[in-house]
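Novice: Here is what each chain is made of, one letter per residue.
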Amino acid sequence: MGKRVGMEVSIAAAEAVKQANVDVISAYPITPQTHIVEHLSEIVANGELDAEFFCVESEHSALSVCVGAAATGARAFTCTSSQGLALMSEITYIASGLRLPMLMIIANRTLSSPLSIWNDHSDTMSIRDCGWIQFFVENGQEVYDHVFISYRLAEDKNVLFPVIINMDGFILSHVIEPIELIPQEKIDQFLPPYQPLHRLHPDHPVTMGAFALPSIFAETKKAQEEALRSSMPKIVETWKAFGDMTGRYYHPVETYKTEDADTLLVTMGSCGETASVAVDKLREEGRSVGLVKLRLWRPFPFDELKKATLHAKQLVVIDRAMSVGACGPVASEVKAALYGEVQRPSVYNFVAGISGRDVTPSDFIKMVDKAEIEIEEGNKEGYEIYGVRE
Amino acid sequence: MTENLNVFAVRTLTQKEYFAPGHRSCQGCAEALAVRLVAKALGRNVIIANATGCMEIVSSPLPYTSWRVPWFHVAFENTAAVASGIESALKVLMRKGRIPRRKIVTLAMGGDGGTADIGLQALSGALERGHNFLYICTDNEAYMNTGIQRSSSTPFGASTTTSPVGRVQMGQITWKKNMPAIAAAHNIPYVATACPSYPIDLVQKVKKAADIEGPAYIHILSVCPTGWRSVPELSIKLGRLAVETGVFPLYEVDHGKYRLSIDFPQLKPVKEYVKLQGRFRHLTDDMIEQIEKRIRKEYGELKEKASKGARDDSNRD
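Here the protein sequences come in this chain order: B and Y. Quick note on my numbering: the first sequence kicks off at 455 and runs consecutively. Quick note on my numbering: the second sequence kicks off at 736 and runs consecutively.
Isolated chain Y, as found in the complex (with noise of 0.2 Å):
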């Protein structure tokens, strides 16, 4: 497989903006850049809930709106439960014929810090209780709005100010937790990673994930120059060096089958990712090794399991 770089594809994509321009996050902010094409993919019909964090702020200091679709922002950690909420209201409203029968994509949102942490346990109910909704977690790897504290989605080695770099202690010392698999987990149809980095695959999956009946889950890794300490112009290519060494591998679990979005034959060198961001500067030539060492496990894992999706596929034909 490899990557999906057809012209035609992009043509597809609303030239509307539904997340508008001048909001106010950061030069070279990937989150932002994600959550437009989320938009895009998405279109009119669409109600989103957004849990507190960057995408809140910056789009939304009254009486300022950066949304041209329904928007509900209510707390930190409560954002599948307010989805919850939304998406039964639409189901029986339509059913009472109080409101008239149409598809409308319940979308909630929130950054690793509103997913991974203090939003895991809504999450986790949300998804088990099996609402038709579709979950969004743009993970830039630390609490960045209320500046740059350390989350569980914070990779090793990362220097926040809350995992500093000491004379004891080199930044982040636990790895990253693995957000998807825990979705996954829940047997729910759909779960994706996504990189807007990749925005034709990002498009797809939201597309598909919008299309499917019952829960789905998106994770896209959202570069984050400030948080990162990385050039603004080098977000796209952060991003790409993510995919293309193994630290954010893009893949689907549709239901329960894995499926590598892009493979490579040889990933890159940890070390070209990590080179180019202020949060690692600390590492050691050794912890860098021992990242790759554990990244190049999971990949294999991960490959494992879309090769036997693939097998399970050939059989059946």
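Isolated chain B, as found in the complex (with noise of 0.2 Å):
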């Protein structure tokens, strides 16, 4: 067991990345992310971790610089949220494409507009197909957790994609929690330097970064696509590998009191929590309800989530962002997976915490109620935005 005590999760996240012995770090300051960042130049400022830290002219550069110092064979941090986000979005793509390890940390918050600083999810769907291993955490020991976790999985040479931690923003990210520190040694042990397999240097010129013609595109991509799904059992493994020196063990899709309930909420991100009180609640009512919490996006888990969830006879799932004019991005994602069944439970699709909005455990009781009547009489494929005063 390491060291408990509490602290702010972006201050926890700010020292595991010290931990991580990262080289380079380069960000631009926007709510919610700021702590992370704040705390870093004070790591670096007192000598605590050697690295060159950039606070550069904006997001687009700051993941550019990142993806710069990758190339180079340095283990390079960003972090952003929400409209920073947006910004670099064009170079997470390329960052995916040219297989470059990293880490950024999302502290996720709504997009504009109405301008907003507090947290939903519609940030990162918005680069939801931008080719990086995605997770999403649901407590401070979590972020601090997958920091090593991901770049240990970054760096594998039969992985080497960027990831991305998603964090909700303020919820999590300004919080005080206790956090299970690890000692540096066995850090150490679990995620040694950085050995890029190609890197930027004159004694082995290489050309990274080269266009493709329309005879070739197809198959670099296909290339890129056939890495990332191969790269589950490596999530999976390197979550093993962790939990053994920790005791804490993750997995693709988390269960709780799931295994005879008829009616399942999914979750993604620190809501699960909540909705964790909610069952609980519920269950001691007698009421037959468990709750299914999506912990990897990216690739997306279909076997594992069909696994945890066909046996039910309906399915409420959340989404914390909106995808406008069709339903929530987290459902349509489960609805996919469930397709190929022939029996497959009803999927009734709530839109709710947007923009920071309080969901409680009796909000979720209130849609696990609301959802059931709603099958019940008919309506098996519902979506709704939770909560509007009409």
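A portion of the hints provided could be inaccurate.
Straight-line C-alpha distance at most 20 Å; calculated EDC-like pairs for lysine to aspartate or glutamate [unchecked claim]:
| no. | chain 1 | residue 1 | chain 2 | residue 2 |
| --- | --- | --- | --- | --- |
| 1 | B | 688 | B | 631 |
| 2 | Y | 831 | B | 642 |
| 3 | Y | 992 | Y | 1039 |
| 4 | Y | 831 | B | 657 |
| 5 | B | 711 | B | 823 |
| 6 | Y | 775 | B | 657 |
Heads up, incomplete: computed chain Y residues facing chain B, CB under 7 Å, no partners named [said to hold, decoys possible]:
| no. | residue |
| --- | --- |
| 7 | 805 |
| 8 | 806 |
| 9 | 809 |
| 10 | 828 |
Derived DEER-like restraints, expressed as beta-carbon distance ranges [claimed, not checked]:
| no. | chain 1 | residue 1 | chain 2 | residue 2 | range |
| --- | --- | --- | --- | --- | --- |
| 11 | Y | 803 | B | 679 | 29 to 39 Å |
| 12 | Y | 909 | B | 642 | 32 to 42 Å |
| 13 | B | 675 | Y | 909 | 37 to 47 Å |
| 14 | Y | 803 | B | 669 | 17 to 27 Å |
It is worth saying that the hints were derived from the structure and are not from the lab. Backbone N, C-alpha and C define an ideal beta-carbon position, used for all residues, glycine too.
Starting from the two chains in their separate frames, assemble the complex, guided by the hints.
Specialist: This is the structure we're talking about:
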């Protein structure tokens, strides 16, 4: 057991970046990501971490610096939120196409407009298809742990992808939680220095970022697609190795009281903990309700999700983002996962908690009630934005 | 000061080609020539970050490459930021003992669009942060790669596909952005202009810039026969005329001090330069006079700065 201390989750994230012995840090201020960068700048200023630290002039450049650094063989880190992520979105696609390992923490925040600094998942959903490995975490410990998991995974020669850790802005980033810190020698063992297969260096000249004509483009993208899909066993393996070290085991899909449940809530991110309180209350009332939490967003864990949900009668999928004109992005993925099954649960989709509006245990209970009634009445694939004043 | 025609200087140039022949640039492309000279000047100990643009497209069709040095293309507007990342990584990895210590030049290259327009913010940021890198803008005065659209670096009067000659408008209606002055305003150690029509001057400036600690910026006028509607075999001559008419003066700003690389007691008439280019075909004598007036004024101002630098030097002696 490591030392357990109370600290702000953003500080814990920064401490993890320090312990990961990152080489290049580049970021631009945006709420609610700021505390991570502020603390990292203190760490570097105090000489606790030997890294090149740059406050650049935009998020676009922040990620571009990381791309240049990773291509040269450095371990790179950036973090952002909302508009900042939207600005760097162009480079997110390039970083994964170039197969450059790096880590970005996104303190998830609403995309404008209207402008809002509060939490939801609309920012990260805007780059859903960028080809990074994408985690959603539930609490501060998971943020801290996933920094090490992400770097080890990203730099694995059989993976070589950039990784995003999504953590809810304010709801997670600004709260103080107990964090079990891992001793440095264990981290060093788990995460040795990055040894790239290829790097920009005059001794072995390589061309990176060549352009592709139609005659070869599809082949390169298929290679990327296959590589990301086949990173799944490595992701599971890395979680296993981390669990063996710390006793904290993670899975692509986490389940809570799902075994015999007729109705399953499906969540992603920090609201999973709140939902589990709701499940406890419903179980006390004798209701057959469980909870499924998506931890891995890309590559999408189709098989694991099916395994966790197929026995249920109905799923109540909570999205913290909208795909305006369609249903929520998590719900559409869940539906796609289940579509091929003859016997499949109904999927009722709520968009809830956008722009930081609180979603309490009683809200989850109301959503379960509403979904069960609607499905009973034949509205089996409903979609609504929860709790909107008419 | 006169032009450097030292024969010995030519012999110091390596015969090795780091920007290999067989790339796909147009006939008479002076930008490719500039890049070839830059690569020769820097030798093998370099890492290049290249913006999207002509030089990127002609040199890197997957799975081929014209580059015999490490070369990296990421996007259009972020080359200075990518170079910042490369330079920082080299610094920290050498400090941490993960790669051997030695001098490796970080070179960022972009066209006028990638530098003066869409990449200006990233460039300004990188210059301000003081990275030890060299930024080279190869300026062919429009977006040639996408089909000759105007940029902020297109000269007044030039016809492009988005500053056409119409019934009420005669080509580009704005004056060329003074990119070297913007770079110099960052108070970086070294800024210079160059042109492949003056190869020795270009090579010497690139070598000097590479040796300087901190950011350096070189702005290279690159004649583009395709975009300028000029005859390919006249590219070298056009570059010379650009300098001889004062349209593109060759100078350095070395630690804030201006120095003209080549001075002319009498500038040639601007008409000699513009009459060889189809992009200026529509210019009336009045317009040419207007251009010449402005160019003479700017040249005079530059000369004044240069002579101030020389006076400061002699005062110190």
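Novice: Does each hint fit the structure? Answer for all of them.
Specialist: Hints and how they fare:
1. A distance of roughly 29 Å separates the Cα atoms of residue 688 of chain B and residue 631 of chain B; the hinted pair therefore is violated under the 20 Å criterion.
2. This hinted pair checks out: residue 831 of chain Y and residue 642 of chain B have alpha carbons roughly 15 Å apart, not beyond 20 Å.
3. Of the supplied pair hints, the one linking residue 992 of chain Y and residue 1039 of chain Y holds, its CA atoms being roughly 12 Å apart against a limit of 20 Å.
4. The suggested pairing of residue 831 of chain Y with residue 657 of chain B holds, with an alpha-carbon distance near 19 Å, which does not exceed 20 Å.
5. Taking the CA atoms of residue 711 of chain B and residue 823 of chain B, the gap is near 18 Å; set against the 20 Å cutoff, the hint holds.
6. Our distance criterion of 20 Å between C-alpha atoms is met by residue 775 of chain Y and residue 657 of chain B, whose separation comes to about 17 Å.
7. Checking residue 805 of chain Y against chain B: minimum C-beta separation of about 4 Å stays under 7 Å; hint holds.
8. Checking residue 806 of chain Y against chain B: minimum C-beta separation of about 5 Å stays under 7 Å; hint holds.
9. Look at residue 809 of chain Y: its Cβ gets to within about 6 Å of chain B, closer than 7 Å, so that hint holds up.
10. Here the hint on residue 828 of chain Y is kept, as its CB sits about 6 Å from the closest CB of chain B, short of 7 Å.
11. Our hint of 29 to 39 Å for residue 803 of chain Y and residue 679 of chain B holds, since their Cβ atoms are close to 32 Å apart.
12. The given range of 32 to 42 Å is broken by residue 909 of chain Y and residue 642 of chain B, whose C-beta atoms sit roughly 58 Å from each other.
13. For residue 675 of chain B and residue 909 of chain Y, the Cβ-Cβ distance of about 40 Å falls inside the hinted range of 37 to 47 Å, so the restraint holds.
14. Separation of residue 803 of chain Y from residue 669 of chain B is about 25 Å and conforms to the stated range, judged on CB atoms against 17 to 27 Å.
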